[in-house]
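I would like the entire structure built from these sequences, with the hints used as guidance.
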Amino acid sequence: MLNVSSINAGYSGVPALTDVSLHINPGEIVTIVGSNGAGKSTIARTISGLVRITSGSITFNGERIDQLPPHHIVARGLVHVPEGRHVFSKLTVTENLKLGAYATTSEAEIAKRLEYVYELFPILKERARQQAGSLSGGQQQMLALGRGLMADPKLLILDEPSLGLMPKLVEEVFEAIRTISQTGVTILLIEQRVLEALELCNRGYVIQNGRIVTEGTGTELMDSEMVRKAYLGM
Amino acid sequence: MYLQLTVGGLLLGCIYGLVAMGLSLIYGVMGIVNFAHGAFVMVAMYASFWLNRFLGLDPVLSSPLVALLMFGFGVIVYHAIIGKILEGPFLARLLVTFGLSIFLINCAQFLWSPDYRMVENPIFRGIIMLGPVFVEVPKLMASIGSLIVAGLIYWFVRKTKTGLAIQAISLDRMAASLMGIDIERLNGYAFGLGCACAGAAGGFLAEFYYIFPDVGTMFGLVALVAVALGGFGSTEGALIGAILIGIIETVGGFMIGSEFKYALVFLAYLVIVIVRPRGLLGWGAD
Numbered sequence: 000m001l002n003v004s005s006i007n008a009g010y011s012g013v014p015a016l017t018d019v020s021l022h023i024n025p026g027e028i029v030t031i032v033g034s035n036g037a038g039k040s041t042i043a044r045t046i047s048g049l050v051r052i053t054s055g056s057i058t059f060n061g062e063r064i065d066q067l068p069p070h071h072i073v074a075r076g077l078v079h080v081p082e083g084r085h086v087f088s089k090l091t092v093t094e095n096l097k098l099g100a101y102a103t104t105s106e107a108e109i110a111k112r113l114e115y116v117y118e119l120f121p122i123l124k125e126r127a128r129q130q131a132g133s134l135s136g137g138q139q140q141m142l143a144l145g146r147g148l149m150a151d152p153k154l155l156i157l158d159e160p161s162l163g164l165m166p167k168l169v170e171e172v173f174e175a176i177r178t179i180s181q182t183g184v185t186i187l188l189i190e191q192r193v194l195e196a197l198e199l200c201n202r203g204y205v206i207q208n209g210r211i212v213t214e215g216t217g218t219e220l221m222d223s224e225m226v227r228k229a230y231l232g233m
Numbered sequence: 000m001y002l003q004l005t006v007g008g009l010l011l012g013c014i015y016g017l018v019a020m021g022l023s024l025i026y027g028v029m030g031i032v033n034f035a036h037g038a039f040v041m042v043a044m045y046a047s048f049w050l051n052r053f054l055g056l057d058p059v060l061s062s063p064l065v066a067l068l069m070f071g072f073g074v075i076v077y078h079a080i081i082g083k084i085l086e087g088p089f090l091a092r093l094l095v096t097f098g099l100s101i102f103l104i105n106c107a108q109f110l111w112s113p114d115y116r117m118v119e120n121p122i123f124r125g126i127i128m129l130g131p132v133f134v135e136v137p138k139l140m141a142s143i144g145s146l147i148v149a150g151l152i153y154w155f156v157r158k159t160k161t162g163l164a165i166q167a168i169s170l171d172r173m174a175a176s177l178m179g180i181d182i183e184r185l186n187g188y189a190f191g192l193g194c195a196c197a198g199a200a201g202g203f204l205a206e207f208y209y210i211f212p213d214v215g216t217m218f219g220l221v222a223l224v225a226v227a228l229g230g231f232g233s234t235e236g237a238l239i240g241a242i243l244i245g246i247i248e249t250v251g252g253f254m255i256g257s258e259f260k261y262a263l264v265f266l267a268y269l270v271i272v273i274v275r276p277r278g279l280l281g282w283g284a285d
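These protein sequence lines are chains A and B, in that order. Counting from 1, position 68 in the first sequence corresponds to residue 67 in numbering that gives the first Met the number 0; the numbering is continuous, with no gaps. Counting from 1, position 209 in the second sequence corresponds to residue 208 in numbering that gives the first Met the number 0; the numbering is continuous, with no gaps.
Don't take each hint at face value.
What the hints assert, rightly or not - Below, in silico cross-link-like pairs of lysine-lysine (DSBU-like), each with a Cα-Cα straight-line distance of 30 Å or less:
| id | chain 1 | residue 1 | chain 2 | residue 2 |
| --- | --- | --- | --- | --- |
| 1 | A | K153 | B | K160 |
| 2 | A | K167 | A | K89 |
| 3 | B | K83 | A | K89 |
| 4 | A | K124 | A | K153 |
| 5 | A | K124 | A | K111 |
| 6 | A | K89 | A | K124 |
| 7 | B | K158 | A | K89 |
| 8 | B | K160 | A | K111 |
| 9 | A | K167 | A | K153 |
| 10 | B | K160 | A | K124 |
| 11 | A | K167 | A | K124 |
| 12 | A | K89 | A | K153 |
| 13 | A | K167 | A | K228 |
| 14 | A | K124 | B | K158 |
| 15 | A | K153 | A | K111 |
| 16 | B | K260 | B | K158 |
| 17 | B | K260 | A | K89 |
| 18 | B | K158 | A | K111 |
| 19 | A | K111 | A | K89 |
The set of hints was computed from the structure by calculation and includes no laboratory data.
Here it is in structure tokens:
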């Protein structure tokens with residue numbers, strides 16, 4: 000479904016990714032784990048078109064997307080929920096959600112998706128008319144997820160959805176990810192919470208200093224000596 | 000007497016308000032301080048003047064057309080100039096509209112000479128009594144028109160899908176692009192809308208104001224002060240700031256002499272910037 004083939008990318012000349020390759024099959028939950036500053040978010044940003052790659056290629060359903068602007072990539076069903084939530088704080092919850100479906104013109108379709116998101120996150124329905132900035136961190140994360148779903152994604156990239164949440168909410172978010180995945184949405188999950196992410200995923204990649212250092216199924220990685228030492232403290 | 004002056008200031012303030020609203024919109028969406036805004040008002044005034052001269056259209060009645068033309072002009076200016084330097088160095092972003100302003104003013108001098116012109120036989124003229132105050136009809140029409148246009152722009156930004164997307168860009172550009180919003184296209188619309196505000200105001204002003212190449216400069220400056228007063232990034236604030244300025248200018252000008260009226264306006268600006276740098280309702284500027 001998604002094929003990232005030996006890409007290099009950086010910020011104003013400073014390399015952030017070196018020769019990164021990964022692929023995602025339809026229906027999978029794939030995770031990228033690694034520590035802060037390892038380049039996890041940069042991978043997400045190159046896929047969604049926010050950062051340009053300097054070499055390599057990215058294809059989505061067989062089509063090259065690495066030179067497309069972000070709004071064209073979204074239109075193809077590849078949706079990126081950024082790290083730090085980035086909800087539109089001065090707009091209401093409903094307005095935020097409707098913006099998620101910006102590429103859709105059919106009012107009926109938007110209403111249908113809105114209903115679906117409210118069903119998945121009932122708290123958002125209760126807060127529908129409130130400004131997004133007045134929500135708690137966990138609710139904002141639900142909103143960011145819901146807003147991503149409004150675009151009717153085929154592949155959803157979630158960048159650190161558990162960042163800054165208390166443990167109980169982290170569980171809720173991971174539960175929601177599992178539910179979303181069961182509806183047939185393919186998920187690329189970028190996480191610092193290595194253990195939880197590896198438990199949830201089908202396959203995972205470990206990234207260090209902008210390079211993929213190992214890959215495998217969730218259980219394989221959890222059993223790997225390197226992962227246990229570096230990330231699980233065992 | 001003071002009632003009379005306050006009403007006069009209020010009317011003037013509504014026109015300033017429309018100019019300021021456009022400025023605020025452009026700043027809020029793309030972070031550009033449009034120093035050419037006054038020059039846009041001037042271009043619109045000439046457009047009204049020539050529409051009147053050659054087609055016999057009255058400036059107040061032709062102002063929707065002028066606003067539409069200025070919208071198109073704004074979209075072209077955005078894609079030809081502003082969009083190209085938006086990611087450029089800070090100084091380029093700051094100075095590009097300044098250069099554009101000088102260019103437009105000099106073009107006007109070259110094409111139409113520095114002569115003062117006036118629209119002949121405007122439809123709206125004379126003075127009427129509204130209760131205890133005398134009101135000049137063209138000014139009344141201009142301020143009512145300005146309020147209507149300001150209301151339309153406000154409605155558009157708050158209630159339509161495109162307006163919502165424009166707000167999204169001004170709140171969080173990156174997140175907006177991840178929603179599938181085409182930032183370049185909507186920036187163009189926002190710049191066009193800002194120009195249309197200047198355009199409509201210019202159309203209304205042409206009904207009773209002298210038209211010359213430098214006429215917009217003071218309107219642009221006053222709008223800048225209004226936006227700073229109301230708060231960068233807040234369109235309502237810009238309108239309120241502009242009305243305050245209209246009143247300060249008229250009432251203050253009467254009290255200490257009209258040659259000093261702008262000194263008062265800019266003094267008010269200095270005080271606000273020192274006391275409350277974010278402006279009355281602002282959130283955009285840090």
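Under the criterion that the straight-line Cα-Cα distance not exceed 30 Å, is the pair K158/B, K111/A satisfied?
holds, 21 Å
Can the restraint linking K89/A and K153/A be considered satisfied, given a maximum Cα separation of 30 Å?
Given that 30 Å is the threshold and the Cα spacing comes to 29 Å, the pair holds.
Taken at face value, is the distance from the CA of K158/B to the CA of K260/B at most 30 Å?
violated, 38 Å
For a C-alpha distance cap of 30 Å, please report whether K260/B and K89/A respect it.
Since the Cα atoms of K260/B and K89/A sit roughly 37 Å apart, the hinted pair is violated (cutoff 30 Å).
Can the restraint linking K158/B and K89/A be considered satisfied, given a maximum Cα separation of 30 Å?
Holds, at about 14 Å.
Hey, K124/A versus K153/A, does the alpha-carbon distance stay inside 30 Å?
holds, 24 Å
K160/B paired with K111/A [C-alpha distance capped at 30 Å]
Status holds; Cα separation ~17 Å.
Assess, step by step, whether the Cα of K89/A is no farther than 30 Å from the Cα of K124/A, and give holds or violated.
holds, 17 Å
Given the hinted pair K153/A and K160/B, is their alpha-carbon gap at most 30 Å?
holds, 24 Å
Tell me if the straight-line CA distance from K111/A to K89/A falls inside 30 Å.
Given that 30 Å is the threshold and the Cα spacing comes to 24 Å, the pair holds.
Just to be careful, I want the Cα atoms of K160/B and K124/A compared with a cutoff of 30 Å; is the pair within it?
holds, 20 Å
What's the verdict on K167/A and K89/A, does the C-alpha distance respect the 30 Å limit or exceed it?
Roughly 27 Å separates the two Cα atoms, so the pair holds.
When held up to the earlier numbered hints, the structure conflicts with 16, 17 and fits the remainder.
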